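Trainee: Okay, here's what each chain looks like letter by letter:
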Amino acid sequence: MLNISLMSKSTSLHSAVNENNTVKSTLPGDLAMWFFILAELTVFAIFFIGFAIAEQQNLTLFSDGKKQLHQSAGLINTIALITSSFFVALALNVMHQNQGKKAAYLIVLANLTALIYIFVKLWEYFALFDQDIGIETNTFFTLYFLITMFHLMHVLLGMVILLFIAKRAFCGAYSAKSISGFESGACYWHMVDLLWIILFPLIYVI
Amino acid sequence: MLFNGKRYMKDTINKDTKLAFVSWLVLIVLTVLSVYLIHFVDNRALYVGVALLIVSIKGQQIIDIFMELKQAPKLWRVLLLSYVVVIPFIIGLIYLI
Chain G
545 MLNISLMSKS TSLHSAVNEN NTVKSTLPGD LAMWFFILAE LTVFAIFFIG FAIAEQQNLT
605 LFSDGKKQLH QSAGLINTIA LITSSFFVAL ALNVMHQNQG KKAAYLIVLA NLTALIYIFV
665 KLWEYFALFD QDIGIETNTF FTLYFLITMF HLMHVLLGMV ILLFIAKRAF CGAYSAKSIS
725 GFESGACYWH MVDLLWIILF PLIYVI
Chain R
114 MLFNGKRYMK DTINKDTKLA FVSWLVLIVL TVLSVYLIHF VDNRALYVGV ALLIVSIKGQ
174 QIIDIFMELK QAPKLWRVLL LSYVVVIPFI IGLIYLI
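Residue numbers (my numbering), protein chains in the order written: chain G, 545 to 750; chain R, 114 to 210.
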């Protein structure tokens with residue numbers, strides 16, 4: 545029997561097994577984090593739709609702009625973020641087994657993978673700056689820098705959150721029954737990945 | 114038969130780890146496919162449609178497997194899944210109309 549609960553719980557959050565041997569469906573992490581995630585997704589949705597509308601009004605400009613971007617850099621960044629998210633998912637799985645130190649190492653691995661994204665993104669920016677391309681060059685690059693820099697700030701914030709939860713996991717602050725903070729941090733990181741999944745084809749590929 | 118909660122958790126974790134790996138593999142393959150698809154598809158409308166469909170599939174993988182919302186309350190799962198369906202759909206409409 546599957547009980548559906550709309551409330552987030554601070555203990556035993558993921559498909560919790562209770563004393564009656566039933567699997568209880570609960571939301572991973574804190575409810576407040578999920579509202580924050582929804583707010584972030586909404587802001588990015590406005591950016592995505594705004595970008596698409598601007599592109600339809602300036603087809604040649606956007607097509608030329610996209611040709612000046614390094615698609616391979618975008619591809620490397622996508623793979624880096626997906627892999628980082630995978631490590632975070634693995635960390636959550638081992639955290640369910642009360643292996644805090646192992647989870648912390650996996651989170652550090654996720655952060656190291658995310659560093660690839662940071663370096664590639666900065667390299668990309670500086671390569672454009674070397675061509676005298678900046679935020680004021682044209683509408684395409686204004687939106688490109690605005691959206692990708694905003695996303696980059698989320699990646700940086702996500703990395704700080706991941707380091708925080710890794711430290712706490714290493715110190716034994718979480719357990720399989722008290723894992724809400726860990727799940728909240730992990731879900732924030734997956735949101736950052738989710739946004740890039742839409743951003744990458746929109747700006748680099750289509 | 115007595116219910117073994119510890120065994121259940123261990124089996125679930127092994128299953129979740131395998132699932133996460135398969136999901137990671139699917140995400141990588143779809144990402145590479147979406148980039149190189151343009152070399153094989155001449156029709157822009159078809160290419161945009163397929164690329165956005167890939168976005169939705171990748172989004173579903175992240176939401177259900179990485180975020181573990183497959184077992185979450187329906188309302189939250191539907192909210193998040195609708196995001197990766199509706200936003201690519203709107204983008205597709207803007208590009209193709």
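Treat the hints as calculated values from the structure; they're not laboratory data.
Take the hints with a grain of salt, since some may be wrong.
As a list, the in silico DSS-like pairs of lysine-lysine whose alpha-carbon atoms are at most 30 angstroms apart [to be verified]:
#1 Lys721/G x Lys711/G
#2 Lys128/R x Lys645/G
#3 Lys610/G x Lys711/G
#4 Lys131/R x Lys711/G
#5 Lys711/G x Lys611/G
#6 Lys645/G x Lys711/G
#7 Lys183/R x Lys131/R
#8 Lys610/G x Lys183/R
#9 Lys611/G x Lys131/R
#10 Lys611/G x Lys187/R
#11 Lys128/R x Lys646/G
#12 Lys645/G x Lys610/G
#13 Lys128/R x Lys711/G
#14 Lys131/R x Lys187/R
#15 Lys128/R x Lys611/G
#16 Lys611/G x Lys183/R
#17 Lys665/G x Lys711/G
#18 Lys711/G x Lys183/R
#19 Lys128/R x Lys183/R
#20 Lys721/G x Lys611/G
#21 Lys131/R x Lys646/G
#22 Lys128/R x Lys187/R
#23 Lys646/G x Lys183/R
#24 Lys611/G x Lys645/G
#25 Lys131/R x Lys645/G
Note that the structure is predicted; figures quoted are calculated from it, not measured.
Trainee: Now tell me, hint by hint, if it's right for this structure.
Mentor: Hint check results:
Of the supplied pair hints, the one linking Lys721/G and Lys711/G holds, its CA atoms being roughly 18 angstroms apart against a limit of 30 angstroms. In summary, the hint linking Lys128/R to Lys645/G is supported, as the alpha carbons are separated by about 21 angstroms, within the 30 angstroms threshold. Note on Lys610/G and Lys711/G: the hinted pairing is violated, with a Cα-Cα distance of about 40 angstroms set against a maximum of 30 angstroms. Annotation: proposed proximity of Lys131/R to Lys711/G holds, straight-line Cα distance about 26 angstroms (limit 30 angstroms).
Under the criterion of a C-alpha separation no larger than 30 angstroms, the hint pairing Lys711/G with Lys611/G is inconsistent with the structure, at around 42 angstroms. A threshold of 30 angstroms between alpha carbons decides the hint, and for Lys645/G with Lys711/G the separation of about 9 angstroms falls inside it, so the pair holds. For the proposed pair Lys183/R and Lys131/R, the alpha carbon gap of about 15 angstroms is at most 30 angstroms, so the pair holds. Of the pairs offered as hints, the one joining Lys610/G and Lys183/R is violated, with about 36 angstroms between alpha carbons and a cut-off of 30 angstroms exceeded.
With a CA separation close to 38 angstroms, the supplied pair Lys611/G and Lys131/R exceeds the 30 angstroms bound. For the given pair, Lys611/G sits about 42 angstroms from Lys187/R by alpha-carbon distance, which is inconsistent with the 30 angstroms threshold. Under the criterion of a C-alpha separation no larger than 30 angstroms, the hint pairing Lys128/R with Lys646/G is consistent with the structure, at around 18 angstroms. Distance hint between Lys645/G and Lys610/G is unfulfilled; the C-alpha atoms sit about 43 angstroms from each other, more than 30 angstroms.
For the given pair, Lys128/R sits about 27 angstroms from Lys711/G by alpha-carbon distance, which is consistent with the 30 angstroms threshold. Distance check on the hinted pair: Lys131/R and Lys187/R sit about 24 angstroms apart at the alpha-carbon level, within 30 angstroms; holds. Distance hint between Lys128/R and Lys611/G is unfulfilled; the C-alpha atoms sit about 43 angstroms from each other, more than 30 angstroms. Under the criterion of a C-alpha separation no larger than 30 angstroms, the hint pairing Lys611/G with Lys183/R is inconsistent with the structure, at around 38 angstroms.
Between Lys665/G and Lys711/G the alpha-carbon distance is near 26 angstroms, which keeps this suggested pair within the 30 angstroms criterion. Simply put, Lys711/G and Lys183/R have alpha-carbon atoms about 28 angstroms apart, close enough for the 30 angstroms limit, and the pair holds. As the CA atoms of Lys128/R and Lys183/R are separated by approximately 14 angstroms, the hinted pair is consistent with the 30 angstroms bound. At roughly 50 angstroms between alpha-carbon atoms, Lys721/G and Lys611/G are farther apart than 30 angstroms, so this suggested pair is violated.
For the hint pairing Lys131/R with Lys646/G, the CA-to-CA distance comes to about 17 angstroms; that is within 30 angstroms, so the pair holds. Distance check on the hinted pair: Lys128/R and Lys187/R sit about 22 angstroms apart at the alpha-carbon level, within 30 angstroms; holds. For the given pair, Lys646/G sits about 25 angstroms from Lys183/R by alpha-carbon distance, which is consistent with the 30 angstroms threshold. For the hint pairing Lys611/G with Lys645/G, the CA-to-CA distance comes to about 45 angstroms; that exceeds 30 angstroms, so the pair is violated.
Our distance criterion of 30 angstroms between C-alpha atoms is met by Lys131/R and Lys645/G, whose separation comes to about 21 angstroms.
In this structure, the earlier hints numbered 3, 5, 8, 9, 10, 12, 15, 16, 20 and 24 are contradicted, and the remaining ones agree with it.
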